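Visitor: If you want our numbering, it's the position in the sequence shown, counting the first as 1, plus 7.
Source of the hints: derived by calculation from the structure; they are not laboratory data. Nothing here was measured: the structure is a model prediction, and the numbers come from that model. The beta-carbon is built from N, C-alpha and C at its ideal position, and this holds for glycine as well. Incorrect hints may appear among the rest.
Taking CB as the label site, the calculated pair distances span [to be verified]:
id : residue 1 : residue 2 : range
1  : Thr362    : Pro192    : 37 to 43 angstroms
2  : Ser320    : Glu416    : 36 to 42 angstroms
3  : Ala260    : Ser142    : 24 to 30 angstroms
4  : Lys374    : Glu256    : 28 to 34 angstroms
Quick list of in silico lysine to aspartate or glutamate cross-link-like pairs, EDC-like style, CA-CA up to 16 angstroms [as the list claims (entries may be wrong)]:
id : residue 1 : residue 2
5  : Lys395    : Glu414
6  : Lys251    : Glu114
7  : Lys374    : Glu297
8  : Lys251    : Glu477
9  : Lys395    : Asp408
10 : Lys374    : Glu349
11 : Lys251    : Asp303
12 : Lys251    : Glu322
13 : Lys395    : Glu349
14 : Lys395    : Glu373
15 : Lys251    : Asp299
16 : Lys395    : Asp354
17 : Lys395    : Glu376
18 : Lys374    : Glu388
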Amino acid sequence: MKKIVILCGCIAVVLLLGFADGVMQKKRMTEETMQTKRDTADPEAESGGGERTAAVTDGADNGDFRTNPATDGADDGDFRRNPATDDSTDDGDFRRNSATDGSDAGEDIRVLIKTAGFAGEYHEEIAVSSASGFSVSGESGVWQVQGGETRIFTAQSEVFGSDGVLYLEAENGQFEIHGLQRARPSETYEGRLEIRRMEEGLLLINELSLERYLCGVVPSEMPSSYPEEALKAQAVCARTYAAKRMREESASAFFADVDDSVSYQVYNNQEHSQAADNAVAATAGRVLAEADGLIDALYYSTSCGLDLHMDLSGETVFAAFLQTDGTRAYEAGEPWYRWQTEISLADLPGVLALTVQERQESGVIEKLEVTYENGGSAVVEGEYEIRKYLAGAAGAVTLQDGEIFTEMELLPSAFCILQPQYREGDLTGYRVLGGGYGHGNGMSQNGAKHMAEEGLDYQEILHNYYEDAELLSLSEE
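With the hints as extra help, turn the sequences into a complete structure.
Guide: Okay, here's the thing in structure tokens:
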């Protein structure tokens, strides 16, 4: 099996709010990129989706499914009894063939396509069509579906063999997957599709070359209107992130490398663009690595003016940093650069006080102590959990340009300070002053945008955020 190796040769602001945060580890991200996120694509965005056609009923003879069946000259009726099989079925290797589109990106990436609105992994039904027509192969045979016809697969479809796996290939390499309710109006997916019948429902996997996958990620994670060099930096980050997840087999429980949501990187949520395609092509195969391999090239929307050379772990130091002008920061003019909200203890029943117990050197809150009226206490750990906990008691969030956001599922970031508020000597809550949007790890996408506008190229942008990493080539072993 081919492996990826390194050769030593070589998120419109509102849109970003959902995109970039989505790159955090799957167990921590169900929100963003932000909220779609990585935060979905845009907290205010409307989802699109295809119009569903009538389901095909798979009768005992499958007569209404087999359109122009492929025959092999054998006495097998209207399907092939011995279709091309996936020789990995028995050994647990769920990959089929490596890249077949001429790409030098190495092994194809397998993307789990989540259900409507990114709600879950298991589909009740999957509706597919292709303008060119497509084949369906499985243990039970091979069928041809005419161009423009939609087929709906359910767990009860008798086209499944005992292994419960179907492979779909379109003549033009493009499918329409209907009803996914993504932000873009188009429902087109490139590459191959794989449907797996599980006890919980159907898994849908899109397999395609890494480079073509990136053409669906970059415009979904960064506005295509951003400068060329910023888009190139985004492409390198996205490629590095994906390649690392492929090596880690992080989504192998779903027979995939990644999924298409903010749990990994948002894929095919926005329309492809020439600008994004150009950025992917211009950086083809380029990744970020250190001595021990690929880095975790995380990214997010907007920083609070982070200085990698400052220790902001002290409460007084960080408070002073956050409340200074900070006009030297690239993102100083961005609406989310500074924000504020109020937290009422009345919305945290039984809570007596909140105390920042620990910050990372970057200034982000790592541990928040919660003291209860009964004398007990608890610690909320991790920036994501802290943002989620505090948002439950927070009011509207006001940005530095005066725009107001309400009912946020997460605080914009955990780069914040809590200023106690009293009434008649009693603690009633906190004024929260914060900066930035996202988890704060890796590259700030708005920072990259402004750097590019000031003339920095993508290598310089990447070095600013990942100063210990080298830009290398990705190839096969």
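Visitor: Look at each hint and say if it fits the structure.
Guide: Hints and how they fare:
In this structure the supplied range 37 to 43 angstroms is violated for Thr362 paired with Pro192, their Cβ-Cβ distance being about 48 angstroms. Between Ser320 and Glu416, the C-beta spacing of about 27 angstroms breaks the proposed range 36 to 42 angstroms. Distance hint check for Ala260 and Ser142: the Cβ-Cβ separation is about 28 angstroms, which falls inside the suggested range of 24 to 30 angstroms. Under the hint 28 to 34 angstroms, the C-beta atoms of Lys374 and Glu256, about 31 angstroms apart, fit the expected range.
A hinted pair counts as satisfied when its Cα atoms are at most 16 angstroms apart, and Lys395 with Glu414 qualifies at roughly 12 angstroms. Between Lys251 and Glu114 the alpha-carbon distance is near 13 angstroms, which keeps this suggested pair within the 16 angstroms criterion. For the proposed pair Lys374 and Glu297, the alpha carbon gap of about 29 angstroms is over 16 angstroms, so the pair is violated. A C-alpha spacing of about 15 angstroms is found between Lys251 and Glu477, which places the hinted pair at or below 16 angstroms, so the restraint holds.
Among the hinted pairs, Lys395 with Asp408 is inconsistent with the structure: their alpha-carbon atoms are about 24 angstroms apart, more than 16 angstroms. Distance hint between Lys374 and Glu349 is unfulfilled; the C-alpha atoms sit about 20 angstroms from each other, more than 16 angstroms. The suggested pairing of Lys251 with Asp303 holds, with an alpha-carbon distance near 7 angstroms, which does not exceed 16 angstroms. With a CA separation close to 35 angstroms, the supplied pair Lys251 and Glu322 exceeds the 16 angstroms bound.
For the hint pairing Lys395 with Glu349, the CA-to-CA distance comes to about 15 angstroms; that is within 16 angstroms, so the pair holds. A hinted pair counts as satisfied when its Cα atoms are at most 16 angstroms apart, and Lys395 with Glu373 qualifies at roughly 13 angstroms. The straight-line distance between the Cα atoms of Lys251 and Asp299 is roughly 12 angstroms, inside the 16 angstroms bound, and the hint therefore holds. Distance check on the hinted pair: Lys395 and Asp354 sit about 14 angstroms apart at the alpha-carbon level, within 16 angstroms; holds.
The straight-line distance between the Cα atoms of Lys395 and Glu376 is roughly 14 angstroms, inside the 16 angstroms bound, and the hint therefore holds. About 5 angstroms separates the Cα atoms of Lys374 and Glu388, which keeps this hinted pair within 16 angstroms; it holds.
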